[in-house]
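Visitor: Sequence:
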Amino acid sequence: MTAPARPTAAPASDRPLGADAPHTPAGPPRTRREHDLLGDRDVPADAYWGIHSLRATENFPVTGVPISVYPQLVDALAAVKQAAARANEELGLLPADKARAIVAACEEIRAGHLHDQFVVDVIQGGAGTSTNMNVNEVVANRALELLGHAKGEYAHLHPNEDVNLSQSTNDAYPTSLRIATITAVHGLLQAMAVLQDAFAAKAVEFRDVLKMGRTQLQDAVPMTLGQEFSTYAVMLEEDRGRLSEAVELMHEINLGATAIGTGLNTPPGYAETARRQLCEITGLPLVTSANLVEATQDCGAFVQLSGVLKRIAVKLSKTCNDLRLLSSGPRAGLNEINLPPVQAGSSIMPGKVNPVIPEVVNQVAFEVIGNDLTVTMAAEAGQLQLNAFEPVILHALAKSITSLRAACLTLAERCVAGPDGGITANTEALRASVENSIGLVTALNPHIGYTTATAIAQEALRTGRGVAELTLEKGLLPAERLAELLTPERLAGASDQRVQWS
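Residues 1 to 502 in my numbering are what the sequence shown spells out, letter by letter.
Accuracy of the hints is not assured; some may be wrong.
[Stated by the list, open to error] The calculated DSS-like cross-link candidates involving lysine-lysine, where the alpha carbons are at most 27 Å apart (straight line), are:
hint, residue 1, residue 2
1, Lys399, Lys315
2, Lys399, Lys310
3, Lys318, Lys399
4, Lys352, Lys318
[Stated by the list, open to error] Simulated restraints on C-beta separations:
hint, residue 1, residue 2, range
5, Ile369, Gly283, 28 to 36 Å
6, Cys279, Ser346, 53 to 61 Å
7, Pro29, Ala96, 30 to 38 Å
In case anyone wonders, no lab produced these hints; they're calculated from the structure. No residue lacks a Cβ here, since even glycine has one placed at the ideal position from N, Cα and C.
Taking the hints into account, I'd like the entire structure generated from these sequences.
Guide: And the structure:
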């Protein structure tokens, strides 16, 4: 997503006084003057953001990623402001006309309007104050218009005194982060279910395809390709469960805590009233933390969630390692499965096709693992009553969730399930590898003994002959019994295979 251009103050003219200039009719002013504790600045007249957002864009030209890139965050910020306005009106702090205008502005934002006005960089100093002021200014200026006033006429409705009433960045911002994270995680859970079902379908398709299992890349014992693919579905099922558990922690909020958790500048009952309003707006079962001082400084829920995202990334990457290895070849590799070709693989080697979809998922996993370290360090760096580094926690979590969701859908739709039927099995080659494998001798251990089985394995390896052939030649087992012991069902235990669907 291309970030919108950063706002700048209107530049002073370089033309010297008295210089000739073509006469143009006077039009609407291009800027408006706003004031803060540092002085006056000119802001573009059509901008809904104001002086605080302007200074933030100048101070934090860091990632080039404005908060508008994360629509769930923008919607969550608007929901918090809407809940606060309703609560303040209910408790008699905010006049009804102002409350209605603020609520209407927030509803417009949550409907997708004005998102381009959220211009501050996602990573910023100040514990999220710039983000909070960006939303305060956008909501205030849109509410002013709804009341019939011009942008910037804050005497009628003020970003701090009205939109931010009974709030601090330190409760409004983390509450918004949690709501945005819940929404984003729901999307990831759905994508994981799609991938799980794709692997489960392949497990059923390959349930009778016999192959050799491997441990430490050496021949082990037979299994079915369906069993192999069922493990990928089961891993996703387990991780969906862990992710659902972790995101539950995000439902505990500190709205009403204000600066450090003491609720300074809020009326009695505000925290509960605001929570109730926020639940109605978002449809989420949010709860107020039992200890707001602790909740205002603690980032444990973010650390927990990030750890689960890392777990998902690690296991997803391992799955893609397997897909790349199993599809290696086609002549000089394992060549057990075929990944659907989705693009030419080389600018110099004709006909080469690379496993580009598993490769891109691997790279997403690497980034998520790194993001987890960022979250860990940012959470650890908190001091006393506040953690000032929640902006980078937000950025890391948002990237991880967004990228993992895209990776799961891409792997499902562009590799496992499709196009053209998705992954296919080289059935005959797989069966031949079992029949020629020395690993078959393990199935004979209980019947001919470990020592004899070892001798058979060594001779088979030395001569290139088959395990079954040598066993019959030496009269160790009758042909009928040997055939019974080496049936695919007995070797792989395929009848016990359990396939997990979402």
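Visitor: So which of the earlier hints does this model not fit?
Guide: No hint contradicted; all consistent.
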